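Student: Spelled out, the chains give:
There are 2 protein chains.
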Amino acid sequence: MIQTVAVAGAGLIGSSFGLAIKQAGFAGTVLGVSSERSIAAAMQVGAIDRGCSLEEAAAQADLLFLSQPVLAIAETIRRLDPLVKTGALVTDAGSTKRVICDAAKGLKRCQFVGGHPMAGKEVRGAAAADGSLFRDRTWVLTGTADTPLELEFRGWLRRIGARELLLDAKTHDHLVAWSSHLPQLLSTGLAAAIADTNPAAARVAGPGLMDMTRLAMSSFDLWSEILETNADEAGAALDACIAKLQALRADLPGEFAKASEFSKQLRKK
Amino acid sequence: MIQTVAVAGAGLIGSSFGLAIKQAGFAGTVLGVSSERSIAAAMQVGAIDRGCSLEEAAAQADLLFLSQPVLAIAETIRRLDPLVKTGALVTDAGSTKRVICDAAKGLKRCQFVGGHPMAGKEVRGAAAADGSLFRDRTWVLTGTADTPLELEFRGWLRRIGARELLLDAKTHDHLVAWSSHLPQLLSTGLAAAIADTNPAAARVAGPGLMDMTRLAMSSFDLWSEILETNADEAGAALDACIAKLQALRADLPGEFAKASEFSKQLRKK
Numbered sequence: 121m122i123q124t125v126a127v128a129g130a131g132l133i134g135s136s137f138g139l140a141i142k143q144a145g146f147a148g149t150v151l152g153v154s155s156e157r158s159i160a161a162a163m164q165v166g167a168i169d170r171g172c173s174l175e176e177a178a179a180q181a182d183l184l185f186l187s188q189p190v191l192a193i194a195e196t197i198r199r200l201d202p203l204v205k206t207g208a209l210v211t212d213a214g215s216t217k218r219v220i221c222d223a224a225k226g227l228k229r230c231q232f233v234g235g236h237p238m239a240g241k242e243v244r245g246a247a248a249a250d251g252s253l254f255r256d257r258t259w260v261l262t263g264t265a266d267t268p269l270e271l272e273f274r275g276w277l278r279r280i281g282a283r284e285l286l287l288d289a290k291t292h293d294h295l296v297a298w299s300s301h302l303p304q305l306l307s308t309g310l311a312a313a314i315a316d317t318n319p320a321a322a323r324v325a326g327p328g329l330m331d332m333t334r335l336a337m338s339s340f341d342l343w344s345e346i347l348e349t350n351a352d353e354a355g356a357a358l359d360a361c362i363a364k365l366q367a368l369r370a371d372l373p374g375e376f377a378k379a380s381e382f383s384k385q386l387r388k389k
Numbered sequence: 121m122i123q124t125v126a127v128a129g130a131g132l133i134g135s136s137f138g139l140a141i142k143q144a145g146f147a148g149t150v151l152g153v154s155s156e157r158s159i160a161a162a163m164q165v166g167a168i169d170r171g172c173s174l175e176e177a178a179a180q181a182d183l184l185f186l187s188q189p190v191l192a193i194a195e196t197i198r199r200l201d202p203l204v205k206t207g208a209l210v211t212d213a214g215s216t217k218r219v220i221c222d223a224a225k226g227l228k229r230c231q232f233v234g235g236h237p238m239a240g241k242e243v244r245g246a247a248a249a250d251g252s253l254f255r256d257r258t259w260v261l262t263g264t265a266d267t268p269l270e271l272e273f274r275g276w277l278r279r280i281g282a283r284e285l286l287l288d289a290k291t292h293d294h295l296v297a298w299s300s301h302l303p304q305l306l307s308t309g310l311a312a313a314i315a316d317t318n319p320a321a322a323r324v325a326g327p328g329l330m331d332m333t334r335l336a337m338s339s340f341d342l343w344s345e346i347l348e349t350n351a352d353e354a355g356a357a358l359d360a361c362i363a364k365l366q367a368l369r370a371d372l373p374g375e376f377a378k379a380s381e382f383s384k385q386l387r388k389k
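Top to bottom, those sequences are chains A and B. According to our numbering, the first sequence is numbered sequentially starting from 121. According to our numbering, the second sequence is numbered sequentially starting from 121.
The following block holds chain A by itself, in its conformation from the complex (with noise of 0.2 Å):
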């Protein structure tokens, strides 16, 4: 049973993720592993009930929730074996899976479920914390066992109100390739473009180029081992929706209609 979780990686994700279980009347305690400032943030918005060593929360914890950035998460894994109590449950929130699912193959004493909720703000930190962020979101599980303890952990996913989708890791860094990482690239592009070519067409932003650029806001720390860790899908993604813009204008009304209708379907899911 799930007495103790530990939030590895106090930040917006683990933080949101604290106060969502929490809210939907979580009774044990939240552990926090993070830095100093982001332990302070995280206490003050009452996401975790108190900061401590990863030794410490590993020795403790029923619920491992490893919400750093990928090569960070991986890391720890690596580290995690010979700390954890025996039995208990390993999960994380990294936007790539499969290096942390390599890295997970070294777990023994422990189960491991890679997660990846498709949730997130451009704003980053604990401040930004927010119980309903996962709220009608997709929330992608690798490798799952249906144990006790797992059972628990995604029935808690679903009282935070996250849709769980089965994937393995690499079906998962395929296709969020295409529905994150491009829109990512494309939006730094534009942004970039613009800010390179033309800036002085800000002077006419409209609320078009503000959704399209609200992305390129985004910072590059995350994003950095986002791309490392899936650079041939990302590179995939960006190659073929340059060779589609290349193409466009050989027949726009065709391409107008198709990505209205895949559009508006996105949105009735």
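Keep in mind that the hints were calculated from the coordinates and are not lab data. Check the hints yourself; a few may be wrong.
Said to hold, decoys possible - Below, computed lysine to aspartate or glutamate pairings styled on EDC-like, alpha-carbon distance capped at 20 Å:
no., chain 1, residue 1, chain 2, residue 2
1, A, Lys-384, B, Asp-341
2, A, Lys-378, B, Glu-381
3, A, Lys-241, B, Glu-381
4, A, Lys-142, A, Asp-316
5, A, Lys-388, B, Asp-331
6, B, Lys-241, A, Glu-381
7, B, Lys-384, A, Asp-352
8, B, Lys-378, A, Asp-316
9, B, Lys-388, A, Asp-341
10, A, Lys-384, B, Asp-331
As the structure is a prediction and not an experimental result, all values here were calculated from the model.
Starting from the structure of chain A, add chain B where the hints point.
Tutor: Below, chain B alone, put in the same frame as chain A:
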């Protein structure tokens, strides 16, 4: 003094303008020139008082507001000179300005000021009319002459919350190619690329993909004439953006930093 306004094309923009000035206190008559169905919808939401023919509207209106598709506006303008009340003010809401301002050179019996409110929705029609659509939005004007009627019209723009920006038609078309037409083409290209290559990515759609595909829902009926009448500028912007996307991987940290800074500045205006 503006006592009668005629809105030609009672769609989203025309009806929102009628509604906005009425809500801001305009006590005169607002005539509508549009299809029977649009007139009915615009009257239903209180955007216009009644429908009539272009001939009747032009004979009565002190202010003629043309909010049809771009080529239809140019066509209306070509018919207008013998029909208008002497000294009337004709303005428009067309998304490109060169073709329209060229056509307006034939107007001798009235004043013409080109206009373009940087506002919109992905839904069309008078039923979606919104009196606050122009609030805090840029409204481009071309070729102003500070006549009493024009100053009165610009007073109404202020009262409905729009921010006036004076630009010549060529500069306008150059800037909106980047701020409006390029974002539209990228959104369409993104949605079409996913639809063609990896439609299953919809299973892991997050808020980023939603932002980036909102414009893609737009109807080609509208965009056809916009892209046709600004093909040179929109094409150049698309080519420059494709080149930027191709070069992105050569300096991801630098491009992210530049794009982030530009996008944040855009929101400080």
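Student: If a hint holds in the structure, say so; if it doesn't, say that too.
Tutor: Consistency of the hints with the structure:
1. Lys-384/A / Asp-341/B: holds (17 Å)
2. Lys-378/A / Glu-381/B: Judged against 20 Å, a Cα distance of about 33 Å means the pair is violated.
3. Lys-241/A / Glu-381/B: The hint holds at about 17 Å.
4. Lys-142/A / Asp-316/A: Given pair Lys-142/A, Asp-316/A is violated - Cα atoms ~46 Å apart, limit 20 Å.
5. Lys-388/A / Asp-331/B: holds (15 Å)
6. Lys-241/B / Glu-381/A: Cα-Cα ~17 Å, so holds.
7. Lys-384/B / Asp-352/A: It is violated: about 30 Å lies between the C-alpha atoms, which goes past 20 Å.
8. Lys-378/B / Asp-316/A: holds (9 Å)
9. Lys-388/B / Asp-341/A: Judged against 20 Å, a Cα distance of about 23 Å means the pair is violated.
10. Lys-384/A / Asp-331/B: Answer holds: Lys-384/A to Asp-331/B is near 12 Å, not above 20 Å.
When held up to the earlier numbered hints, the structure conflicts with 2, 4, 7 and 9 and fits the remainder.
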